[in-house]
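Chains as they are written, first to last, in UniProt numbering: chain C, 1 to 302; chain P, 1 to 307.
Heads up, some of the hints might be wrong.
To be verified - Using 25 Å as the maximum straight-line C-alpha spacing, the simulated DSS-like pairs for lysine-lysine come out as follows:
#, chain 1, residue 1, chain 2, residue 2
1, P, Lys47, P, Lys80
2, P, Lys69, P, Lys47
3, P, Lys174, C, Lys263
4, P, Lys80, P, Lys69
5, P, Lys265, C, Lys263
6, P, Lys80, P, Lys57
What the hints assert, rightly or not - FRET-style restraints, in silico, Cβ to Cβ:
#, chain 1, residue 1, chain 2, residue 2, range
7, P, Ile175, C, Val40, 35 to 43 Å
8, P, Lys57, C, Leu166, 28 to 36 Å
9, P, Tyr157, C, Ile48, 30 to 38 Å
10, C, Pro61, P, Tyr157, 28 to 36 Å
11, C, Ala201, P, Ala126, 51 to 59 Å
12, P, Gly165, C, Gln66, 31 to 39 Å
13, P, Gln72, C, Ile54, 56 to 64 Å
14, C, Ile48, P, Ile134, 19 to 27 Å
15, P, Gly68, C, Leu166, 27 to 35 Å
16, P, Phe17, C, Ser205, 33 to 41 Å
17, P, Tyr53, C, Asn77, 51 to 59 Å
18, P, Ala94, C, Leu25, 47 to 55 Å
19, P, Arg8, C, Ile54, 46 to 54 Å
None of these hints come from the bench; they were simulated from the model. No residue lacks a Cβ here, since even glycine has one placed at the ideal position from N, Cα and C.
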Amino acid sequence: MMNKSEKTALLQSAGATKEIEGRSLWRDARIRLFRNKAAVGSMIILGIITLLAIIAPLLSPYAYDQIDWGYIQEGPNWENGHIFGTDGNGRDLFVRVLYGARVSLAVGLLATAVSLIIGVTYGAIAGYFGGKIDSIMMRFVDVLYSLPFMFFVIMLMVVFGRNIFLIFVALGAVEWLTMARIVRGQTLSLRRREFIEAAHATGVSNFKIIFRHVIPNVLGPVIVYMTLTIPQVILTESFLSFLGLGVQEPLTSWGVLISEGAKVIEASTWMLIYPAVFLALTLFCFNFIGDGLRDALDPKDR
Amino acid sequence: MLSYAIRRLLIAIPTLFIVITVAFFMMRIAPGGPFDQERALPPEIEKNIKAAYDLDKPLIEQYGIYIGKLLQGDFGPSIKIRDFSVAELIMAGAPASMQLGLSAIALALVFGIGFGTYAALRQNSAVDFAVMGIAMIGIAIPNFVMAPLLSLVFGLYLAILPTAGWGDGEIQYKILPIIALALPQIAYIARLTRGSMVEVLHSNYIRTARAKGLREKLVVNRHAIKGALLPVISYLGPATAAVMTGSVVIESIFGVPGIGTYFIKAALNRDYPLVMGVVIIYAVMIIMLNFLVDMVYGLLDPKLKSP
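The task is simple: from the sequences and hints, build the whole structure.
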């Protein structure tokens with residue numbers, strides 16, 4: 001027989017050992033994501049590319065706009081430090097590819113952020129209020145969906161001149177539509193849930209409910225779609241740059257480099273290959289991470 | 001179904017109107033005009049030229065004139081390519097662009113659905129991973145990278161196809177542009193098909209079909225494909241838009257005399273009527289295709305039939 005204090009002590013110690021650390025949805029997802037080798041590999045590669053882009057000036061004795069008159073359009077050569085060769089103006093391709101990475105990654109992230117802000121807010125408002133407001137807002141999205149948007153972006157770039165800031169806004173403004181649809185669908189199903197009704201009953205304002213209760217609960221699909229939007233934006237920026245509508249000399253982006261390389265592909269294949277490999281690798285990694293995130297966050301496959 | 005069709009058609013009209021309006025004002029508000037050049041024209045001559053194209057009138061009035069003419073099917077004259085009307089230029093360029101675009105989409109559907117189904121039926125096998133890996137590469141390599149590479153390999157190293165040009169529209173000039181346009185779409189459709197096919201193959205009605213003893217071939221061809229193709233069909237709209245924008249680059253890389261090439265040149269030259277004409281044609285095609293897709297979807301998806 002144990003006395004009472006012994007019992008309590010035992011119970012307490014049992015409680016202490018039995019206390020299992022709670023695994024939140026997010027932690028579960030993180031574990032699943034890190035088990036996905038393709039996604040982890042992609043994150044490492046992207047990390048390396050990003051790091052290289054950040055410390056680019058330290059990696060080469062040449063500046064991105066510095067002309068090396070001795071080596072004009074020469075192939076890769078480790079001895080003179082032009083490890084990716086030089087372009088038609090004698091500028092070091094390695095440094096230029098990394099500077100291109102800066103522009104491409106920055107455009108990808110910022111334009112996606114723009115699309116995220118517009119899309120999530122728009123979708124959450126439409127889904128939360130429902131009814132007439134919803135159908136008008138979503139009809140508007142339907143109409144925008146069937147516009148030949150790339151043509152407008154091209155016109156925008158032609159018309160207002162080449163300007164990095166404009167690229168962010170234009171691409172962000174194009175890419176928010178799908179995000180709005182996803183968030184709206186999720187919000188519609190959240191709207192009738194008890195915790196939203198409880199918030200409503202205790203007098204929380206609509207605005208606060210949307211930003212404090214609805215949006216945090218739709219983050220899963222939003223993050224997945226965001227990861228898939230980034231490569232799309234990078235691709236679109238390269239497309240515009242390829243057409244000569246992107247960033248301006250002497251700054252550069254992967255699209256500009258690819259376009260320069262494509263012109264001299266017969267004589268200087270390296271000028272196309274290096275930027276193309278970096279672009280493809282980045283798109284590849286973002287897509288893998290997006291897929292990994294979807295598998296990790298999608299409750300269906302559990 | 002009919003009322004749904006009519007409702008969808010009715011949305012198409014304001015959509016087209018918005019396209020025209022936005023494109024019109026965007027072009028005009030921008031700085032610069034079609035007659036800007038190094039040496040300024042004498043003011044009287046510039047005035048006369050502008051009057052000839054109605055560019056001297058207030059913007060709203062120009063818009064009214066343009067819409068009025070458009071309703072009669074008149075796209076106006078090209079400002080930069082003299083003696084040609086926009087309609088003539090589009091008619092000249094459209095066949096090449098249409099051939100490339102339609103062939104690319106057909107190719108993408110056949111191979112995309114084929115590879116996707118093939119991979120889905122062997123889920124998690126080495127073949128599956130190989131096909132999906134290649135498809136991922138296809139998505140990650142943009143067509144403006146693929147095009148010069150194709151041209152280098154097949155045109156220069158192997159020398160079996162012309163690197164660029166159109167000739168008199170012989171088939172060998174079309175192969176590379178069509179492949180370059182189709183590859184990313186093949187990859188995307190293959191992934192889409194595989195995903196939905198895997199999901200469908202695990203569903204109850206497929207289990208029923210198998211349980212009643214149907215041969216696997218019939219299960220797949222008669223029951224699974226139909227359900228698995230729904231996402232592919234709804235992707236056709238965006239796919240067309242992607243192929244059309246892609247053809248702008250592909251046409252200029254391969255020197256194809258299509259409307260995509262005109263668009264870039266016209267936009268850079270501020271050739272207002274030509275830009276408007278091309279945008280309108282593209283918009284009409286995309287809107288029509290979206291409409292068709294919605295109709296087909298309505299016919300295939302039992303959930304949408306008569307609610």
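Check the hint pairing Lys174/P with Lys263/C against an upper bound of 25 Å on the C-alpha distance. Holds, because 20 Å separates the two Cα atoms, which is no more than 25 Å.
Range hint compliance [Cβ, Pro61/C to Tyr157/P, 28 to 36 Å]: holds, 35 Å
Item to complete: Using the Cβ atoms, figure out if Arg8/P sits within 46 to 54 Å of Ile54/C.
Response: holds, 49 Å
Practice task
Could you tell me whether the CB distance from Gly165/P to Gln66/C stays inside 31 to 39 Å?
Solution key: For Gly165/P and Gln66/C the Cβ distance comes to about 38 Å; the hint holds.
query = Do the Cβ positions of Ala201/C and Ala126/P conform to the proposed distance bound of 51 to 59 Å?
reply = holds, 56 Å
_Assessment of proposed distance window 47 to 55 Å (beta carbons of Ala94/P, Leu25/C)_ = holds, 52 Å
- Query: Holds or violated: are the alpha carbons of Lys80/P and Lys57/P at most 25 Å from each other?
  - Reply: holds, 20 Å
Item to complete: Starting from the hint 28 to 36 Å, judge whether the C-beta atoms of Lys57/P and Leu166/C obey it.
Response: With a Cβ separation near 29 Å, Lys57/P and Leu166/C satisfy 28 to 36 Å, so the hint holds.
Lys265/P and Lys263/C were given as a pair; does the straight-line alpha-carbon distance stay at or below 25 Å? At roughly 18 Å apart (the allowed maximum being 25 Å), Lys263/C and Lys265/P satisfy the hint.
Consistency of beta-carbon spacing, Leu166/C to Gly68/P, with hint 27 to 35 Å:
holds, 33 Å
query: Quick one: are Tyr157/P and Ile48/C within 30 to 38 Å, going by C-beta?
result: Hint holds: Cβ distance 32 Å, inside 30 to 38 Å.
Query raised in the report: Between Lys80/P and Lys69/P, does the CA-CA distance stay at or below 25 Å?
Result: holds, 19 Å
Consistency note: the structure conflicts with none of the earlier hints.
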